[in-house]
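2 protein chains.
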Amino acid sequence: MKEKLGPKLAMYPSLTVLAGSLVDKKPNFLPIAHVGIADSSTLTLSLNRIHYTNLGIKHNKTFSVNIPSEAMVQKTDYCGLVSGKRTDKSDIFKVFYGELETAPMIEECPINMECKLLLTLDMPDHELFLGKVVQTYVAKEYMTGKAVDMTKVRPLLFNLWDRGYYQMGTKIADAWSAGKELKEKKT
Amino acid sequence: MKEKLGPKLAMYPSLTVLAGSLVDKKPNFLPIAHVGIADSSTLTLSLNRIHYTNLGIKHNKTFSVNIPSEAMVQKTDYCGLVSGKRTDKSDIFKVFYGELETAPMIEECPINMECKLLLTLDMPDHELFLGKVVQTYVAKEYMTGKAVDMTKVRPLLFNLWDRGYYQMGTKIADAWSAGKELKEKKT
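Taken in order, these protein sequences are the chains called C and Z. Under the numbering used here, the first residue of the first sequence is numbered 529, with each subsequent residue one higher. Under the numbering used here, the first residue of the second sequence is numbered 529, with each subsequent residue one higher.
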């Protein structure tokens, strides 16, 4: 028998990103793990509507998604402890801009995506932003051949159940492959 | 200098789930890692519109999200290798139903969520389903105290860059805590 927990969202661990927007002409960053994949080049970002970052996203209709590495855990977490309303976060990271000009990106993050806001959905607690990725930036040392190497990126995975940041672990199987033996058995 | 990869969605690794729906009165399951968190109890599921599972979600306005454990990697991957259009997947798992009655859930998955369809967004390649979690089920052996213990669940994390399933790794820091020292320094 299973326990009923009530309507608990149990989608963890989830990738931790630093969402970036320009508010009052200053870059502002917030760690967010309430993210998702909406389409081939569209992602979702769910931010409680109290956040300062939202103002910049709605004003500019652009934002950035930056993937911090394990070594950046202190700075990443710090950005979630202070609000841009009272604390200037523009000097924490070296910032660069891409094609959109109003989506500040973090140089020291291995991966950056600049996004155009496609749609905002008003959820009961959060604003859900759908962003179309316009350009993706990766530092060469995090690539193996032509693909991004996540074992080099060392992303932070967020687990709300124990409020912890986790590493990505070991590869255990290939997708579209691990089930082949079973498929042969069944046919 | 960073490399420009073009508009590449780089939101990996992402949690692998088995999405469940009832199509022609038969339970059908599909592994999906294009998932997300939309609000406190609302999740997203992005499915290419060619999939059979979509028919059941749209017809019943319900679906399930089941989190497989590492030990289920073969069966999970198998469900992605065969389509419900041609292959009956109703006998792969022991299935149970909850309050919604039309959202088939997988007994052997550590965690199950039954969801009501709130909204469907037509994306260029995918259908994006927003589902409100109605009830969450967890087997007792995957809990520590009153919280789900993801180190016992051993979820499958999907990495598109190398088409691999990965384990969740080691905990490296506490959220809303790792940045406290930096906060004190700055104030």
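Among the hints, a few may not be true.
It does not matter which identical chain is used: a pair holds within one copy or between any two.
Okay, derived cross-link-like pairs now, PhoX-like style, lysine-lysine, Cα gap no bigger than 20 angstroms in a straight line [stated by the list, open to error]: (1) Lys680 / Lys699; (2) Lys668 / Lys536; (3) Lys674 / Lys603; (4) Lys553 / Lys660; (5) Lys613 / Lys713; (6) Lys668 / Lys711; (7) Lys668 / Lys644; (8) Lys708 / Lys536; (9) Lys586 / Lys699.
If you are wondering where the hints come from, they were derived from the structure by calculation, not from laboratory data. As the structure is a computational prediction, the values presented were derived from the model and not from experiment.
Can you give me the call for Lys668 and Lys536, within, between, both or neither, at a CA distance of at most 20 angstroms?
Between copies only: 15 angstroms across chains, 40 angstroms inside a chain, cut-off 20 angstroms.
Alpha-carbon proximity context of Lys708 and Lys536, limit 20 angstroms
The answer is neither: 34 angstroms in one copy and 28 angstroms across copies each exceed 20 angstroms.
Classify it for me, Lys586 with Lys699: is the Cα-Cα distance of at most 20 angstroms met within a copy, between copies, both or neither?
For Lys586 and Lys699, the Cα distance exceeds 20 angstroms both inside one copy (39 angstroms) and across copies (35 angstroms).
At 20 angstroms max between alpha carbons, let me know whether Lys668 reaches Lys644 within a copy, between copies, both or neither.
neither (25 angstroms within a copy, 43 angstroms between copies)
With 20 angstroms as the alpha-carbon cut-off, assign the pair Lys680 and Lys699 to within, between, both or neither.
both (13 angstroms within a copy, 17 angstroms between copies)
For Lys613 and Lys713, with the copy left unspecified, which applies at a CA distance of at most 20 angstroms: within, between, both, or neither?
between (60 angstroms within a copy, 19 angstroms between copies)
When no copy is named, should Lys553 and Lys660 be tagged within, between, both, or neither for a Cα gap of at most 20 angstroms?
neither (22 angstroms within a copy, 37 angstroms between copies)
What label fits Lys668 with Lys711 when the C-alpha limit is 20 angstroms: within, between, both, or neither?
neither (39 angstroms within a copy, 31 angstroms between copies)
As a check of your reading, is Lys674 near Lys603 (CA-CA no more than 20 angstroms) within one copy, between copies, both or neither?
Answer is neither: 29 angstroms inside a copy and 31 angstroms across each miss the 20 angstroms cutoff.
Violation of the numbered hints given earlier is confined to hints 3, 4, 6, 7, 8 and 9; the remaining hints are satisfied by the structure.
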